[in-house]
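K.L.:
Sequences and hints are given; from them, build the entire structure.
There are 2 protein chains.
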Amino acid sequence: MESLRFVLPQSEIPTHWYNVAADLPTPPLPPLGADGQPAKPEQMAAIFPTAILEQEMSSERWIPIPQPVREIYRLWRPSPLVRAARLEQMLGTPARIYYKNEGVSPAGSHKPNTAVAQAYYNQQAGIRRITTETGAGQWGSSMALAGQMFGLDVRVYMVKVSYEQKPYRRSMMQTWGAEVFASPSEMTQTGRDALARDPNNQGSLGLAISEAVEEAAARADTNYALGSVLNHVALHQTIIGLEAKKQFELAEDWPDVVFAPCGGGSSFAGMAFPFFADNAAGGHHGKQVRLVAVEPASCPSLTRGKYAYDFGDASGFTPIMKMYTLGHDFMPPGIHAGGLRYHGASPLVSQLYHEKLIEAVAVPQLATFEAGVMFAHSEGIIPAPESCHAIRAAIDEALRCKESGEPKTILFNLTGHGHFDMGSYDRYFSGELEDFSYPEAAIEKSLKCLPQVG
Amino acid sequence: MESLRFVLPQSEIPTHWYNVAADLPTPPLPPLGADGQPAKPEQMAAIFPTAILEQEMSSERWIPIPQPVREIYRLWRPSPLVRAARLEQMLGTPARIYYKNEGVSPAGSHKPNTAVAQAYYNQQAGIRRITTETGAGQWGSSMALAGQMFGLDVRVYMVKVSYEQKPYRRSMMQTWGAEVFASPSEMTQTGRDALARDPNNQGSLGLAISEAVEEAAARADTNYALGSVLNHVALHQTIIGLEAKKQFELAEDWPDVVFAPCGGGSSFAGMAFPFFADNAAGGHHGKQVRLVAVEPASCPSLTRGKYAYDFGDASGFTPIMKMYTLGHDFMPPGIHAGGLRYHGASPLVSQLYHEKLIEAVAVPQLATFEAGVMFAHSEGIIPAPESCHAIRAAIDEALRCKESGEPKTILFNLTGHGHFDMGSYDRYFSGELEDFSYPEAAIEKSLKCLPQVG
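Here the protein sequences come in this chain order: A and B. With full-length UniProt numbering as the guide, the letters of the first sequence map in order to residues 1 to 454. With full-length UniProt numbering as the guide, the letters of the second sequence map in order to residues 1 to 454.
What the hints contain is simulated information worked out from the structure, not anything from laboratory work. Any given hint could be a false lead.
Each pair may be met inside one copy or between any two copies, as identical chains are not told apart.
[Unchecked claim] Straight-line C-alpha distance at most 25 Å; calculated SDA-like pairs for lysine to any residue: (1) 408 / 71; (2) 245 / 8; (3) 245 / 74; (4) 245 / 11; (5) 306 / 37; (6) 408 / 74; (7) 322 / 161; (8) 356 / 29; (9) 246 / 2; (10) 306 / 438; (11) 245 / 2; (12) 356 / 24; (13) 246 / 74.
As the structure is a computational prediction, the values presented were derived from the model and not from experiment.
P.N.:
Rendered as structure tokens:
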């Protein structure tokens with residue numbers, strides 16, 4: 001019986017992360033402060049440890065993974081690379097489809113790859129408590145898990161509407177020992193002000209970030225952690241692609257094309273950057289691998305946004321970064337399920353896209369759920385709505401192979417399972433979800449909020 | 001870095017299940033009909049395919065696993081055997097603790113091991129539809145998954161109170177294409193009668209079984225499937241222990257004691273019977289392995305029940321079987337969370353216990369959740385409440401090793417994850433759960449419902 005899973009021994013967990021900054025044609029542009037000058041590290045040092053800030057700005061190609069981090073990775077890594085043979089059969093495609101299953105982590109997604117590293121560096125810096133925000137709950141769960149592993153207290157500001165609608169994500173964080181507050185909360189000035197203006201404020205990710213940052217900035221023993229967008233987050237996630245490359249060697253195969261969902265960009269970066277390293281060095285045995293970021297049509301920052309300086313958060317508190325953005329006050333419609341709602345894309349991903357070194361595609365929502373259900377029917381696993389975006393793109397590619405007869409090798413990042421997203425599947429089955437495409441004028445309008453830079 | 005996971009290649013998925021009936025000191029007692037005579041196979045043939053009935057009565061030691069079943073097993077099997085090194089460290093025990101992680105199946109528990117086999121045999125017999133019941137939803141999910149894999153329609157009668165309280169288990173079944181009805185339903189005479197008597201009937205497992213069996217018995221293209229108790233279910237689950245033995249060889253270790261949760265008995269049978277095979281043959285290198293069934297103190301069929309003939313279902317429709325039972329109308333208190341609520345224990349498990357070839361222990365509810373949280377804090381994974389019973393017993397054993405200084409090797413069956421049981425964790429954290437121990441008189445009273453046999 002042929003093996004469909006390519007499993008590395010734990011001794012093969014990579015020893016270094018890959019830093020794509022070393023291989024960019026031009027150096028990454030620095031974040032800028034409100035004065036238009038490069039943001040000073042000391043501004044960030046109030047909320048991030050030095051080791052993280054160094055990684056954020058490093059141009060070293062290989063950065064060692066501390067042994068205590070690898071020891072935690074060992075609880076679920078290496079994650080499996082799996083041949084989706086039943087999906088291929090269902091599609092009748094000559095393509096070979098593989099997925100990297102990041103849903104096997106205890107928190108159910110790829111997010112702990114960076115949460116664990118961030119918890120470690122903070123613990124080493126003498127920090128006792130981490131604050132963070134969470135919307136749907138995936139990042140908050142991951143940080144709660146990671147904090148527990150390194151003995152840090154974790155406080156999660158959870159957008160109030162999610163806090164009320166997704167009580168099981170909250171329970172999960174509490175089981176790992178985290179404190180979870182509905183945001184806006186009474187814990188911070190930002191929260192109290194918001195509640196004073198509107199006691200029924202349902203919260204937003206921007207507000208939750210502001211609460212978490214306010215608390216971290218005010219306390220010496222407390223730092224803040226972010227789950228996407230920034231360079232160090234992309235760096236930590238490269239363990240995904242690095243493992244996948246080793247596993248493709250075991251499988252005696254190699255992808256022609258790689259798909260990963262793209263919201264803030266960390267799961268795409270994690271999967272694609274290690275393959276980009278080969279592309280930059282002339283290709284794998286001379287062959288370039290196509291790297292495709294898959295974003296929701298209802299939040300199309302790469303495919304329809306502008307490459308410009310913008311704030312990282314919705315409220316305009318952070319330094320500004322050069323990235324593809326729809327404008328920081330862009331708000332995806334309520335019909336949109338799940339994650340990938342970020343207004344921009346990671347500066348590193350944006351730069352690669354701007355320089356035409358990677359591709360991007362936007363997929364409509366209903367087609368992503370249709371793909372997720374096809375995957376569940378053939379491969380068993382019920383995927384997270386975010387992952388369904390990559391599955392959709394992989395299926396479309398496999399169907400093109402069926403037409404052309406090309407036996408391409410397709411890889412996608414199964415970023416997580418959907419066990420805490422069954423409410424979205426319910427809404428899909430009951431017809432409550434819709435596709436949504438922005439009129440050009442609406443995007444132009446939201447881009448008017450971009451800050452003016454020199 | 002030491003490996004904590006012992007992963008078999010997929011080519012090592014066992015080719016045969018182990019049938020413990022071949023190694024019992026005396027043959028298993030047959031189920032009896034209402035007349036006190038052995039139940040006739042033709043009575044059962046209306047709802048089960050021949051291949052399943054043959055397995056139910058077989059005394060062959062090794063029964064081949066059909067290749068199409070192994071090919072579905074391959075979607076998640078072999079499941080990992082994992083050394084719980086961080087749990088050992090937390091306890092400060094010299095014991096080595098291992099767990100077999102059955103939570104990696106797409107449905108999140110060990111239940112698909114038999115659901116897939118049952119779906120296959122029914123499909124081979126020309127059956128087009130399976131009916132079954134589900135309480136908490138684990139079995140219904142597994143049957144929905146398995147039906148989808150073999151192109152069978154699946155109808156699940158889900159106890160109404162669960163249908164309403166656990167909508168995400170229902171969504172999961174629907175995602176795999178199953179029809180799910182709140183029981184009592186309008187689909188069957190049993191359901192209509194129950195609703196006529198009480199339109200607000202909240203349902204019970206007994207009622208849901210009756211609905212599923214009624215539909216299966218009435219339709220030639222429809223069969224019924226049961227997820228525990230029966231011999232063929234125990235048989236299919238032995239893949240767990242068979243894999244574990246191969247993995248212990250890789251680990252160059254061997255368990256001194258094995259713990260598994262025990263409700264109906266399938267997860268205990270699946271893990272323990274293959275080790276019993278060695279015990280029956282004189283031991284592994286002459287050493288006997290202790291095999292311990294762990295049941296809830298609030299439903300203590302092995303430790304406080306009677307070894308007697310009783311009905312398999314709460315309503316008294318099935319043939320009667322010799323087993324440890326609390327009486328088929330025994331009802332665990334509402335404070336009890338999760339599964340393991342069955343009034344009896346599998347006849348095979350019961351016979352082994354009666355003959356003192358295995359052990360049993362009952363654990364109180366709060367201590368099981370405490371153990372589950374310790375496991376989540378150390379190993380990351382949030383376990384199902386059923387699994388927490390085995391974890392509790394394993395931790396208690398490891399703490400005894402700490403006192404005695406013995407470096408025992410402990411194995412337990414992590415039967416599933418708790419992603420759909422966070423409501424129970426919530427109730428635990430908020431202090432809504434309680435321990436409950438029956439007064440002797442209450443058990444004596446419930447035992448009065450036992451049928452009179454020759």
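K.L.:
Go through the copies and call it for residue 408 and residue 74: within, between, both or neither, with a Cα cutoff of 25 Å.
P.N.:
Classified as between; 23 Å across copies, 32 Å inside a copy.
K.L.:
Within, between, both or neither: how does the pair residue 246, residue 74 come out at a Cα-Cα threshold of 25 Å?
P.N.:
both (16 Å within a copy, 21 Å between copies)
K.L.:
Given a CA cutoff of 25 Å, do residue 245 and residue 8 count as a within-copy pair, a between-copy pair, both, or neither?
P.N.:
both (11 Å within a copy, 21 Å between copies)
K.L.:
Under a CA distance limit of 25 Å, which applies to residue 408 and residue 71: within one copy, between copies, both, or neither?
P.N.:
So residue 408 and residue 71 pass the 25 Å test across copies only (24 Å; inside, 36 Å).
K.L.:
Quick one: residue 356 to residue 29, C-alpha cut-off 25 Å, is that within a copy, between copies, both, or neither?
P.N.:
Only inside one copy: residue 356 and residue 29 sit 17 Å apart there, 73 Å across copies, limit 25 Å.
K.L.:
If the cutoff is 25 Å on CA atoms, where do residue 245 and residue 74 land: within, between, both or neither? Let me know, please.
P.N.:
Both: 18 Å inside a copy, 22 Å across copies.
K.L.:
As a check of your reading, is residue 245 near residue 11 (CA-CA no more than 25 Å) within one copy, between copies, both or neither?
P.N.:
both (15 Å within a copy, 22 Å between copies)
K.L.:
For residue 356 and residue 24, with the copy left unspecified, which applies at a CA distance of at most 25 Å: within, between, both, or neither?
P.N.:
within (12 Å within a copy, 69 Å between copies)
K.L.:
When no copy is named, should residue 322 and residue 161 be tagged within, between, both, or neither for a Cα gap of at most 25 Å?
P.N.:
Neither way: residue 322 and residue 161 sit 31 Å apart in one copy and 53 Å across, limit 25 Å.
K.L.:
State whether the alpha carbon distance between residue 306 and residue 37 is at most 25 Å within one copy, between copies, both, or neither.
P.N.:
within (21 Å within a copy, 80 Å between copies)
K.L.:
Please work out whether the CA atoms of residue 306 and residue 438 approach to 25 Å or closer within one copy, between two copies, in both situations, or in neither?
P.N.:
within (15 Å within a copy, 68 Å between copies)
K.L.:
Classify it for me, residue 245 with residue 2: is the Cα-Cα distance of at most 25 Å met within a copy, between copies, both or neither?
P.N.:
Answer is both: 20 Å inside a copy and 22 Å across each meet the 25 Å cutoff.
Checked against the numbered hints above, the structure breaks only hint 7 and satisfies the rest.
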